[in-house]
Amino acid sequence: MTNIPKKPPPSYLVTIGIPFAILFTLFSFQRVGFNIQDFTENLANRAIVTDPLFNPKWSWAWENTADALVETVQIAILASIVGCAFALPLSFYASRATNLNKYSYFLYKSFLNLVRTIPDLFWAMLFTVAVGIGPFAGVLALIMFSLAIMGKLLSETIDSIDPGPMEAAKATGSTHNQTVFTSALPQVLPNFTAYFLYIFELCIRASVILGLVGAGGVGRIIETQRIFLRFDRISPIIVIILVVVILIEQFSVWIRKRIL
Amino acid sequence: MNIPKQPLSHKILKYTLTSVIIFASLWSAAGLEITIERIIDAPRQIGILVGAMFPLDTSQEAFDRIIPKVFESLFIAWAGTVIGAIFSFPVSFLAAHNVAVGAVSRITKQILNAIRAFPELILAFVFLPITGLGAFTGTLALGIHSIGTLGKLSSEVIEGIDEGPLEAIKSSGGSKINELIFGVIPQVMPTITSYWLYRFEINLRASAVLGVIGAGGVGQELINQLRFRDFPRAGTVLICTIVLVLIADAISASIRNRIIKGKVVKS
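Taken in order, these protein sequences are the chains called E and L.
Taking my numbering, the leading residue of the first sequence gets 8, the next gets one more, and so forth.
Taking my numbering, the leading residue of the second sequence gets -4, the next gets one more, and so forth.
Hints listed in this document are in silico derivations from the structure and should not be mistaken for laboratory results.
Any given hint might turn out to be false.
Unchecked claim - Stretches of chain E that chain L covers, calculated by requiring three or more beta carbons in the stretch to come under 8 Å of a beta carbon on chain L: (1) 31 to 44; (2) 84 to 91; (3) 236 to 249.
Note that this is a predicted model, so its numbers are computed, not measured.
All residues carry an ideal CB built from backbone N, CA and C; glycine is no exception.
All chains should be modelled from the sequences, with the hints used to inform the complete structure.
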């Protein structure tokens, strides 16, 4: 018989982690009040929402939501452009490859992490209180949102760039800033464009719900119709947004193929 | 010295892109009635709000109210992710074209796309009349949405596997089921587990938001305090949320790192 090597003992991650995860799962389900019996008993109530939801009133939606939809798109455009524009320099400061100062690297990285911890709707709530109800608050909220995502994605991309061109630039005697501009920036610009389109799509999705807290866009209509349980008026909005998102997705796939 | 000129098509592309971006921003800003004065005034107004939050409300009563809500968000996110993980795992095999038959894979993929189309908040609207106001509603909304996203990501992982081990199992007489258990699952498990954790991080933020419509979690607390203009307490809610998300993110990220990169061998 051949000698089969012994299986290595499982790591601590498995021996402690998995039982802990299972316990935590059970505890979570208990705490959120998971109750399959209640669920099946009240399942018929779904009709309140789903019946109108699947009987969309298209004519009403065409007449009343056009302005709000345009507002949603405008919020997304402005926020993703401004947010990504701010994120571009910040990402270079928040990457080990381009920021040689350990402390300022840490500072920028922590700043981006901090912005990322706060959910988009929280930003929207805070800005509606600060600058008043309306789309301006929504734009500010989504600027923070896109800044955080772009900062994370781009700074990680910069971390993994090819150091060759930077060394070459340094060898010709260029300063650090020149090196970054001529050798690091061109390497990540295609990624930047691809991320930008992705973030634009996320912003469109997110700007739908901003209106729930009064930060403008089509969510305002969703919120007012929801209170009256008029889901037949909400579902066309969802479908329209979905179509817009799919179109952007297709467009960004096409662009990404060309530039990457 | 001869420096090669930039090709003309490049220049044209550059200028068109720049003008499109500038035009789109101006059009949006005009449509949203964002004026220079409002932009200049915004930092001051934000400063006032932040100033009003300090000193934070650190009374015992505030923490007694806020901490359970923050943890509720954590439980909602975890339970939702587990629901998503359990259901999306088998579904992702059905959606992968190299495991399932062509037609099955296409149909499953379309179903997953349809699920993903509904934002969590809209799903929460659907569940509100069934499960009432509370954490269970948020859990189900997050769970269903996670099935869509995790199913898509996991099926893509399965589609990207190395076919070699499968062939080896086939040639040693293994059945189709053997192929799945010994060929596919060991290859995809690390990546899929890390996607689960990644989804948990996203769900944690989403669950904080769900409270706005009464589906449990810390969002309710924040919007209430802001409505009652109790800014110090709103600040406490915010700080507690940030701390929780930071800690959960750090733990989740380190586990993901360990799963993907393997044990760091000390030399």
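_Is the listed coverage of the stretch 84 to 91 of chain E by chain L valid when you require three or more residues with a beta carbon under 8 Å from a beta carbon of that chain?_
holds (count 4)
*Given as covered by chain L, does the stretch 31 to 44 of chain E meet the bar of three residues or more with CB within less than 8 Å?*
holds (count 10)
*Under a C-beta cut-off of less than 8 Å, do 3 or more residues of the stretch 236 to 249 of chain E approach chain L closely enough to confirm the stated coverage?*
holds (count 4)
In this structure, every one of the numbered hints holds.
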